[in-house]
Amino acid sequence: MGATPDRRRRECSAGLVLGAGFLVSACGGPQSALDPAGEEAAEIAHLFWVMLAGAGLVWALVVGAAVFGGRFQRQPISDRAGLRLILWSGAFAPTLILAGLLIYGLRLMPVLRAAEPALRIEISAEQYWWRITYVGAGDVRIETANELRLPAGRAAELTLDSVDVIHSLWIPSLGGKMDMIPGRTNRLVLRPQRPGTYRGVCAEFCGTAHALMAFPVEVMPPADFDAWLVRQAAPATPGGDEAAFLANGCGGCHTVRGTAATGTIGPDLTHLAGRSSLGAGLMPNTPGNRRRFVADVERLKPGVRMPSFGMLAPAELDAILAYMESLR
Amino acid sequence: MTGSETDEDRKRREERELRAAWEVPTGWRYFSNVNNQIVGVWYTAASFFFFLFAGVLALIMRAQLAVPDNDLVPAGTYNQLYTLHGTMMMFLFAVPIFEAVAILILPQMLAARDLPFPRLSAFGFWCFLIGGVFVGGSILFDAAPDSGWFMYPPLATDTKQTGIGADIWLLGLSFIEIASIAAAVELIVGVLKCRPPGMRINLMPLYCWYVLIVGGMILFAFPPLIAGDILFEMQRLFDWPFFDVARGGDPVLWQHLFWIFGHPEVYIIFLPSIALLAMIVPTFAQRPILGYGWIVLAAVGTGFLSFGLWAHHMFTIGLPALSIGFFSAASEAVAIPTGVQIFVFVATLLAGRVIFAIPMLYATGALAIFTFGGLTGVMVALAPFDWQAHDSYFVVAHLHYTLIGGMFFPLIAGVYYFHPFITGRMLSERLGRWSFWLMFCGFNIAFLPMHITGLRGMPRRVYTYQEGLGWEGLNLVSTLGAFVMAAGILVLVVDVLRPGKPRAPRNPWNAGTLEWVAGDPSEPWGIRSVPLVSSRYPLWDQKNLIDDIDTGRFFLPGAPEGQRETMVTDVLDATPEQVLRVPGNSFKPMIAALLIGGSFIATTFHGWWLGLASGVAGVVAILVWLWTGTARIPEKPTTDAGMGIALPLYASGPTSVGWWAMFITMVGDGTAFLSLIFAYFYYWTVHAAFPPEGSALPDLALGMAAGIATLAAWALMLAARRLNATGRATATRLALALAALLALAGGGLLLAAPWNAGLSPTRHVYDAMVWVLAIWTALHNTAGALMQGYCLAGSLAGRLTATHDIDLRNVVLYWHFAALTMAATLAVLLLAPLTM
Chain A
1 MGATPDRRRR ECSAGLVLGA GFLVSACGGP QSALDPAGEE AAEIAHLFWV
51 MLAGAGLVWA LVVGAAVFGG RFQRQPISDR AGLRLILWSG AFAPTLILAG
101 LLIYGLRLMP VLRAAEPALR IEISAEQYWW RITYVGAGDV RIETANELRL
151 PAGRAAELTL DSVDVIHSLW IPSLGGKMDM IPGRTNRLVL RPQRPGTYRG
201 VCAEFCGTAH ALMAFPVEVM PPADFDAWLV RQAAPATPGG DEAAFLANGC
251 GGCHTVRGTA ATGTIGPDLT HLAGRSSLGA GLMPNTPGNR RRFVADVERL
301 KPGVRMPSFG MLAPAELDAI LAYMESLR
Chain B
1 MTGSETDEDR KRREERELRA AWEVPTGWRY FSNVNNQIVG VWYTAASFFF
51 FLFAGVLALI MRAQLAVPDN DLVPAGTYNQ LYTLHGTMMM FLFAVPIFEA
101 VAILILPQML AARDLPFPRL SAFGFWCFLI GGVFVGGSIL FDAAPDSGWF
151 MYPPLATDTK QTGIGADIWL LGLSFIEIAS IAAAVELIVG VLKCRPPGMR
201 INLMPLYCWY VLIVGGMILF AFPPLIAGDI LFEMQRLFDW PFFDVARGGD
251 PVLWQHLFWI FGHPEVYIIF LPSIALLAMI VPTFAQRPIL GYGWIVLAAV
301 GTGFLSFGLW AHHMFTIGLP ALSIGFFSAA SEAVAIPTGV QIFVFVATLL
351 AGRVIFAIPM LYATGALAIF TFGGLTGVMV ALAPFDWQAH DSYFVVAHLH
401 YTLIGGMFFP LIAGVYYFHP FITGRMLSER LGRWSFWLMF CGFNIAFLPM
451 HITGLRGMPR RVYTYQEGLG WEGLNLVSTL GAFVMAAGIL VLVVDVLRPG
501 KPRAPRNPWN AGTLEWVAGD PSEPWGIRSV PLVSSRYPLW DQKNLIDDID
551 TGRFFLPGAP EGQRETMVTD VLDATPEQVL RVPGNSFKPM IAALLIGGSF
601 IATTFHGWWL GLASGVAGVV AILVWLWTGT ARIPEKPTTD AGMGIALPLY
651 ASGPTSVGWW AMFITMVGDG TAFLSLIFAY FYYWTVHAAF PPEGSALPDL
701 ALGMAAGIAT LAAWALMLAA RRLNATGRAT ATRLALALAA LLALAGGGLL
751 LAAPWNAGLS PTRHVYDAMV WVLAIWTALH NTAGALMQGY CLAGSLAGRL
801 TATHDIDLRN VVLYWHFAAL TMAATLAVLL LAPLTM
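Here the protein sequences come in this chain order: A and B. Count the first sequence with full-length UniProt numbering and you get residues 1 to 328, in order. Count the second sequence with full-length UniProt numbering and you get residues 1 to 836, in order.
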């Protein structure tokens, strides 16, 4: 397991040079399986480059032989030579190559899905957002939503389920995906290595707003993560006036821990303003976007269950937004 | 025949007779045509039209994805577009075009005048057209299915989230699947029984092998989906909880049933196109295929393996590591027979002197694209890599490389190759090149970047994406490529449709197989006389063959009684067995298709009574069609088949085509039934107790009574066959009547078993499963009773006699399966709970 993300990135560059015509742009990006930031993703990226090189070679040989035979060959080969070609190139060679590949590839499986839970996080998918609960020592449960933070260098076990339809959790920079199926609990172990900001998405079609079901993933130095989790565990310390928030029924769906808002239908908003994105990765969490979201959510995220509050008097909306702003 | 008739007179008379017997009707009666040459063209044109329609849907999607945060089409519409694109390409193009092309070229390849059941071909076509227009047209009313062509529950079973579109998908496609199975039965029997004398099974053109294999695959692959559709629609219409976790259901069962169909489906699509290449490559290499035995073996191997790898579509559902390892290995293994098939072509090219005409250009392009798709397939077959690639654009790229390289390009090679055979005209070499390079470049520009897009994290089935994720440039390039490819397809369409194409010479490519005997395609008879075959490439190896065929020196040179006749031969050795009189043109298949289709469509819109009435009328129409068109007693027992042999005109039992069709149909039927049994035991494996604790069980006594009644009905059928064969008509009739009553009683008693015990199908999946099995079996008893009644009527009307008993023997065969179905159902419903 000596694969480090840095080495993999060098491989990516090497791969780029090799397949210059094939790869039209770089491998990078906040959501790229070719720019790994975790052990699982790095192993798989390595596997990909090995397979790509092999595939390129096989493709060139097969297509080369066919084009040569079809266009340039002047002297037909004998039937015996042809039958030998079928047997060796068509049957024996693929058998050997595939057997080798299978052993090499499946060897990764136990490594990738091994259990060593240092940190357990329950993620439950709902149309079209993520309920995220950190389970600490002594079964302390800290609920948040739509933003995943992980400590670098530590394994995290995600237990995944769904309350409505099938979803799938995919953070390409960290590892492969795992489906979230009603009635089942799946496990996914990730070992992030490189701190940074990445992005996860729902990979299984889950309805109208499937395309808009994402979340930011923040891989942090372990000490920062521990400090952050302590802050998350604390109840909200709202500075604004909660009257408008509660009067308009926001608390019926959303929880703000430590206040009268205890709804569990929608995402927990206890530390909303401290998150980097809004609406399950829909847009950056800025005051302006929060206003757009609350006023016009049905248009911004079609199919969502939250109604738009654009009909509220401006002062009322201002009060709600000021309250949200204070939920740090 | 007078002794003074000269050879020239005889030839002219025979041609006149044949022309009269096979005449193509004109005016509105044209649509009553059932001959394979006409129906095949309709079928091909209709499925190609659906291809163009689905292609336009794809272009709209690509336009939407050209730039980030685009608002060209809203989310709901996009979801309909992608669902319908996949659905139509798979169900209305890729599979039907195989059947269409096979209906069109198979009989001529076998020197048969038609397929054994021409009216069944026509029925299949009309079902396909009606179902296709119903499913495809739904998008024009904003009512198309919108939860993906895979229709995963619980999203797709949720009637609040998915509207009428999901019902249109389920019922419309079930209807089309029935037509697909009908065509598969027809094609299998065609290959097995309608070969020309002398064409032993190891002399068949490779295309026929592929038709046989793919027909068999359809028979085992489609029924699980039909079983799944039944469960699915029962949940949507009546709230039976097959996929509802709260009441014991499991959404993953659908995934199993869908992919047990869905993965063989890929090879059902791929193999017929490889079959076209297997005809094209030897022709242009101007030599027989090298490794005939190898390629047949490899194709059979592919067919078998394709049923063992469905779970690789489910690597991310949390399967146990052992299952993943098994399905990974099986998925890799399928590359081996595929490799053999590819290298058979490569070796044939290397060992021949190749003429590089347009079909070869497409074949080479196909190989380049398909090999790439195959290699990315090897990648995604490895589970760890699939965890990244699954449901991303990498898989979109992979599947289009395999399908466009493995299916579409070979098909277009086939269009250029067979066009002169079908129309008597040549397509343009110049337009062919334009079309090829536009399609080839456009395709690669569109789909090559998608590998990267996917690995950079873009999931499938998203109607939009944000800026800044590194997907903008790649998507724009893909969109441009898609339109370039569309331009290539447009050039192809122009080439096919343009008037004034030059006349093709006979056998323009100097091919070696029998379809190229066809001269002027305006002659409706298929082949002038049915030759005696002694080679895999008779046109190359058998001297003077075309001339002998044309002058009528072989079998069935004329049609003295004005009947449509074709040869039926033995399954393995192709020794002549019968001269089969195939029925002529009729509107009855169309009417039956309209009525049955009407019943499906009415059910979609919850028009229960209309649906029932239309369905019953459809069954009546089919009975009328059978009564008037099949099992007719000929005016003489044998006829002069030519070449000095006389053959019977009537056959029953295993020598007859009808018996084989019944057998094959019941194998498919049995597969659907086994899929339901699989569902029952699947629930047993996922539940700690199944039946659940405290659940009522079906009434044992009633169930046993149902079994005894059905067994008695089956035994009486055996007796009826014996009695009839010994000429005891009255006893036969009594046995049939009693058997029908017992069959109905057996069905009724079986339904009473869960009813009496108070099993409520909406309570728990156990109850629902019991009811589904009971209804399935009771319906089989009812259909069996109907058949017994049909035989009884036949006996009374004098069309079923001691020597002419094909209907009776087919119904006995049906009853073997029906009795087995009842026995298995009772074992599962009554005995299995005792052991659990």
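Source of the hints: derived by calculation from the structure; they are not laboratory data. By construction, the Cβ of each residue, glycine as well, lies at the ideal position given by its N, Cα and C atoms. You may find that some hints are simply not true.
To be verified - Reference excerpt, derived from the structure (chain A facing chain B, CB under 8 Å, subset only):
#, residue
1, F48
2, W49
3, G69
4, G100
5, L101
6, Y134
7, W170
8, A203
9, P238
10, G239
11, P287
12, N289
Evaluated hints:
Checking F48 of chain A against chain B: minimum C-beta separation of about 6 Å stays under 8 Å; hint holds. Because the smallest distance between the Cβ of W49 of chain A and any Cβ of chain B comes to about 11 Å, over 8 Å, the interface hint for this residue is violated. Hint on G69 of chain A holds. Least Cβ distance to chain B is approximately 3 Å, under the 8 Å limit. Hint status for G100 of chain A: violated, given a least beta-carbon distance of 10 Å to chain B, over 8 Å.
At a threshold of 8 Å, the smallest CB-CB gap from L101 of chain A to chain B is about 7 Å, leaving the interface hint in force. Because the closest C-beta pair between Y134 of chain A and chain B is about 22 Å apart, greater than 8 Å, the hint is violated. At about 7 Å, the closest approach between the beta carbon of W170 of chain A and any beta carbon in chain B falls short of 8 Å, and the interface hint on this residue holds. At its closest, the beta carbon of A203 of chain A sits 4 Å from a beta carbon of chain B; the interface hint therefore holds under the 8 Å criterion.
Contact between P238 of chain A and chain B, as hinted, is not supported at the beta carbon level, the nearest pair being about 30 Å apart and thus beyond 8 Å. A cut of 8 Å between beta carbons decides the hint on G239 of chain A: the least distance to chain B is about 31 Å, and the hint is violated. Among the interface hints, the one on P287 of chain A is violated; its C-beta lies about 20 Å from the nearest C-beta in chain B, farther than the 8 Å criterion. The closest approach between the C-beta of N289 of chain A and any C-beta of chain B is roughly 13 Å, which is over the 8 Å cut-off, so the hint fails.
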